[in-house]
Structure formats: structure tokens, C-alpha cells
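Once you've looked at the hints, dock chain G against the given chain D.
There are 2 protein chains.
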Amino acid sequence: MPKPTSQQIVVDLPPGRNYAIHFDRLVEAPGLLASAGVQSGQLLVVADDNVARHYLHALTASLETNGWAPRTHVVPPGEASKSTAVLGRLYDWALQAPIDRSTSVIALGGGVVGDLAGYLAATLLRGLPLFHIPTSLVAQVDSSIGGKTGINHSAGKNLIGAFHQPRFVLTDVSVLATLPDREYASGLAEVVKHALIADAGFFNWLETRWADVVQKDESVVAEMVFRAASIKAGIVAEDERESGRRRLLNFGHTFGHAIELATGYGTFTHGEAVAVGMRAALHLSSSLQSGKTVHERMLLPAFTRADALLSRIPISASLDGLSIEELIAAMATDKKRTEANLRFVVLNAVGKAKVVDVVPRGALEAAWKYAMGNVQPGSMTT
Amino acid sequence: MPKPTSQQIVVDLPPGRNYAIHFDRLVEAPGLLASAGVQSGQLLVVADDNVARHYLHALTASLETNGWAPRTHVVPPGEASKSTAVLGRLYDWALQAPIDRSTSVIALGGGVVGDLAGYLAATLLRGLPLFHIPTSLVAQVDSSIGGKTGINHSAGKNLIGAFHQPRFVLTDVSVLATLPDREYASGLAEVVKHALIADAGFFNWLETRWADVVQKDESVVAEMVFRAASIKAGIVAEDERESGRRRLLNFGHTFGHAIELATGYGTFTHGEAVAVGMRAALHLSSSLQSGKTVHERMLLPAFTRADALLSRIPISASLDGLSIEELIAAMATDKKRTEANLRFVVLNAVGKAKVVDVVPRGALEAAWKYAMGNVQPGSMTT
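Residue numbers (our numbering), protein chains in the order written: chain D, 1 to 382; chain G, 1 to 382.
These aren't lab readings, by the way, just hints derived from the structure by calculation. All of these numbers come straight from a predicted model, not from anything done at the bench. Quick reminder that beta carbons are idealized off the backbone N, C-alpha and C, glycines included. Some clues are possibly wrong.
[Unchecked claim] Stretch by stretch, here's where chain G covers chain D in the computed footprint (C-beta under 8 angstroms, at least three residues):
1) 116–128
2) 160–172
3) 223–234
Just chain D, with the same shape it has in the complex:
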């Protein structure tokens, strides 16, 4: 069991599934693999096209210099790669040379590559060792931590998947320099989400440092990623299979998934949809705390600072032309619902979240109206 350091977070799962998140440069991968006890020379490295252009050569060169034998496979960027067709090509590639149970899989990329290569690792020979090197902000603070892997089906996103914890995560914050602004903003939505559900101190810090966050000041970004990843790691360690506290990570997601579905996947980024969804969820939190539906232009004072910070995350898409009815209908296809009931995560206060099962229809409609009245496409502002 690795010991935590200032450059490391430990995801404290039961023996055999616990692991470290190392904060280091990606060219340090060879030494970290050796320290992790990886013995086979054979490594399967999966990256997407965009990430490969910037970082794949640096990684494979450092591996080869240190005596490893990486084989690489590059997939097209974007959600469409989380398909049975791309997965089938990955199986063919992985199995075209002999592999054994000590062959390791390295996922170099954002959430799509992490989910896809993670699922490859979960299902080849009933589970190969997996290593994440997340290159997007959302992957560094969220999707690389906690073992969710999977692909999409025409009936919905992530319907086919497995829990498969990595052996370690190697997070190199310097790679965020090449991340497109819209993807960075999308990741900020998850960062703010982590603060809102679990850490009021981190929320205050984000409010204060927002200008440096937006300008990608390297030491501020490093601290932000470390703190946000720590929150995710702590929640996952408490509830590996999402039967309890891990559900809080879905704050904004019941609304957000509906936005993605109703507008067509890819119109909003996932983070944008969640950012708007969290504003709806703050309104719903206001109504539930008041005990009556709050006016569609109002919020309880307890949630206005949270809403103001979320309003600073730019949204490059619009909800124009959609009706409340369409959005409410879209919520009912979220795979996380139990039977006919929708579940919502709401806040009691900044840093304190809970799950509610029953929500009055009027409060839901007002929450949607509040969010729709506040979606203003715009660029990143400090």
C-alpha cells in the first residue's frame, strides 16, 4: 500500500484494489511502472489522435529507453470512439500478438480513452492491469479515479461497462497547457461540483483564485487538480460501487444528462451540461429547503455564491427551442433511476449534499425555468 505524499493521493480501497494518484511528468511513467511491480515488458498503449500528436511519442520514447516494449493504438477523438466497433478493433489489435495476464494497458487521454481502454483492460483475459495517464481536466479530477469503464450503446451512454480500478493514475498537470479552452471549461464544471458537494473550503479557494484558474496559472492549476482529485478519491474510497455517498457525484447530472440527450450528444459538452444542470439543482435545492417552490428567477441566499461561480463557466451551446416538457421527459431515461423514480442530488449548503427521491413537479419545472433563463453562451471570463 503506497503512502500518501504531497505529490500523491491514495485511493484507499480494499487490499488489491487500492492505488496511488501520482502527480508527476508523464515521462516518469517507466520508473512508476517499475515501482508498481510491473514485470512484463509488454504494454498496450491506447491514445486518441489529438493526444497522440502531442504526447504519445514522449511517452513511448521514455518507455523504450527504459526497456519496455509498448505497442500503441490510436483511436479517433470524441465520444463516437466509445463504440462496439472501435472496441472490436482494439481487441483485434491487442490479440494479434500473444498477451498474458501480466500484459498491462495504459490509457493516455481524456475521458473517452480512459473509459474505452479501461474497458478493454477490464475484459481482456478477464482483467489486465490498467494504468491511467489522464490528459484532460475532467479526466484528471474525475473520470480516471474510481474505476468506471465502459462504452456506449444506441440506447444510451455507458450502458455497457465494468468497474475496473487502475493500478495507478499518473497525472501530469503540464499537459493541460494544450487542452482546448472549451474542454478546460468543461473540466472546471466538475471541479466546482466536487467543491459544492463536499468541501466548502475548496469552494472559497476557487472563488478567490478564479482569475488564476481561468488563466491556467501552473501552480494554481496544480493545487486545484490535487484538491479536486482528493475529493473524488475520498468519495470513491468510501463507496466503490456507487451504492451510497458516491451518488453525490451526480450533482447536476440528472438535469445534465437530460440536456445532453434532448439537445443531441455533443451539442453541449458533458461539463457544460452538468454546469447548467447544477444551476437547476441549486434552484431545486432552494425549493426543497424552503418547503415550497421558489420563484423561477430567485434562489435562496445560501446558494447564490455557488450559482455565481457556476455562471462564470462559459457555455458554448444553447437550450433555445426546447420545452420544459421535453427536458423532463429526457430525464426519465437516465440509467441511474430506480424503477419509475428519479433521483436528485441537492445541497443543504455549499459543501453538503444529499440524495432525494421524490420531488414535486412544480419545483422541478421551476428549476428548469431558472436554468434555462440563465444559459447565456459566452467565452471564458475571469
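For chain G alone, coordinates are given in the frame of chain D:
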């Protein structure tokens, strides 16, 4: 945690993954599901064509009478159904109506259906509750116990898969009445294997009762299945992920897989190939215990009774025309090898097995010659 009874074996895995093997009629499934705490009315039942003809209606009628809502899907019988194509159709079927994480999967069938429907359950929504109702002897004593699920790839069998333990196994030995003789014989090979690696008393019992075993005397078959399943359950409980003792279950398999591969899958049943493979492994055990290669027509006296019992399992296929070189080459594609090394399970005595990594080439050739000299196609004899 269920308590063991005379009608029940407990697979003693860590909390959350332990489960019971119930020995009962399949129409008792509704009560057992209720006792297991299954709440959703929605059940996905997968069966193969042959099994469906005999038993699917009885199962679904009992479920419906008791207020459950099973949806059923029938796949073609045989190993070819463990494919990405059939799996894709199962995903489409399962997702054509809303499901949630409490939707359960029931695998009604032999090893193929268990592996396929088990993998469906392992990967839908990152894991649905799974219930096995094994209908073949090999499924009842071996494949339904221990959580191995998966499908095949053109590069080899079971290369894509997951560990996913069932919530319970419901074993109805009366269904073996309709099992074809060749499949029953194939299951007997795994029964004898369990005795040889772990339970000399059970081996003695099998020797004594063999005539009743072959004639499918119901009480003898019930005791045989119970004892063989107990051995498998005990080994799995000690070593869920096959990093230690569970490897002993591969006795005869390094040779057996080579037979299946070299003769073309389906020529030998898996059990037939393993039966022949165990005879080769007994010869190898003789050579290793002697410290020198034993003559290709001889065995150490310690293993002659084991070999005699194996010789009573009929083999409906032949190794004619194959060379030792082809068979040795085929062994090297077993996915369980580590790097270039082949692993073999050998016996120290009946009931005591161990894994060896390094085997002299001469001993290997003699073992193959011994087995090849003894494969005589024949029917079941008492």
C-alpha cells in the same frame, strides 16, 4: 450470509460476493429469488434452444405465477454462441426496454449460456445481479461456480471476459435426465478431475459407484454433483481470481486445450479433451515423481487407479493423424501461460495436486505418447 444445509453449499467469498448453491427443483426459483432479496420484477432470462425446449416454459410459468415479469431470449446451442455477434444481439434485446441496476439476469443452460449470459450481466450497467440455473453436468459441478464469464475471439477461447459472481446457483439434478450421453460423459471428466486434485475419498466413492453414475441413478448423481460442486466451491473460496490454488482446476487442461485447438474446436468436447489430457498429465506426474522419463506405456502404480477410472469415460473422437510436434506447438497458445513458460498441474498422489513450471521435453513427449496410445473411441461402459 446464508447458512449451509444439506441442500445447500456456500461459496465462502468476501462479503458482497459470497453466495449459495441451492439443490432444488428449478420451479422453486421464484421463492429463492424472493429470499435472495431480489426486488425488481424485471428478469432477463437467457437459454439455449435445446434447454429452452425442455425447461424454459416451466421456469417462466413459475416466475409469472409468482408475480415476476421475465423477458426471455433464446440463443443457438453450442460454442459458436459465445461470440461478439450473439452478445451484441443480447445487448440490443436487453436494452430494448428500460432496465435498471436491480434488473436481474438468469442463465438457464450449460456452460455456453452461463458464460455468455454471465458476461452480459457482468457488463450491462457495469454489473447486474446474476443467477445461474445450470442444466448440464459440467455447468453444475464446474462452470456455474466461481464467477468466470466470457466470450471467444478468433484468437482463442474465453479471451474476452470478466469475473462476475452469481447471487446464487440453483442446481436441479433432475434435468440431467435429458442431457445427451456425450455431454454427460464430458461432465464426468470434470467430476473425476475434482476428485483427483482434491479429494481421495470422493475418488474412492466414484470408483465404487461408477455403474450407478453411468446409469444416472438419481440419488447417486445427486450425491456426486453435491460432492463435486463442494470441491469447486472450496477452491474458488480460497482463490477467487486464480492466482494460487484455483490453478489446480486446470489439471489436464494444458494438454486438453492443445487437443481442442489441434483437432479443431468441437471435434472433442471440452470434457473429452480434458479426460485425455488428464491421462497425459498422470504420465507426466509419473515422470516427475520418478525423476526420469517413464516409458511411454507405463505409469507409476500410484496413478494406475486414476488412469483406469479415466479410461471408463468414453471418447467420441480421435487423435489419429496428429503428431506430437503439432500438439506441443498447440500447447503454447494457452492464454494461461506466463511469458514463454507453460504451466502444468501434476499429482503427487490421488487427491494432491501441484503446479509445475518447468518440464523436460522428453517427459512431455512421453506423456503425449501415453495419452495418444490410449485414446480409444467408445461408448459409455459401466
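Outcome, coverage hint (the region 160–172 of chain D, chain G; C-beta under 8 angstroms; three residues) = It holds, with 4 qualifying residues against the three required.
How does the coverage statement for the region 223–234 of chain D fare against chain G, requiring three or more residues with Cβ below 8 angstroms from a Cβ of that chain?
-> violated (count 0)
Check of the region 116–128 of chain D against chain G for coverage (Cβ-Cβ below 8 angstroms, three residues minimum) | Satisfied; 6 residues make the cut.
Against the hints set out earlier in the document, a violation occurs for number 3 only.
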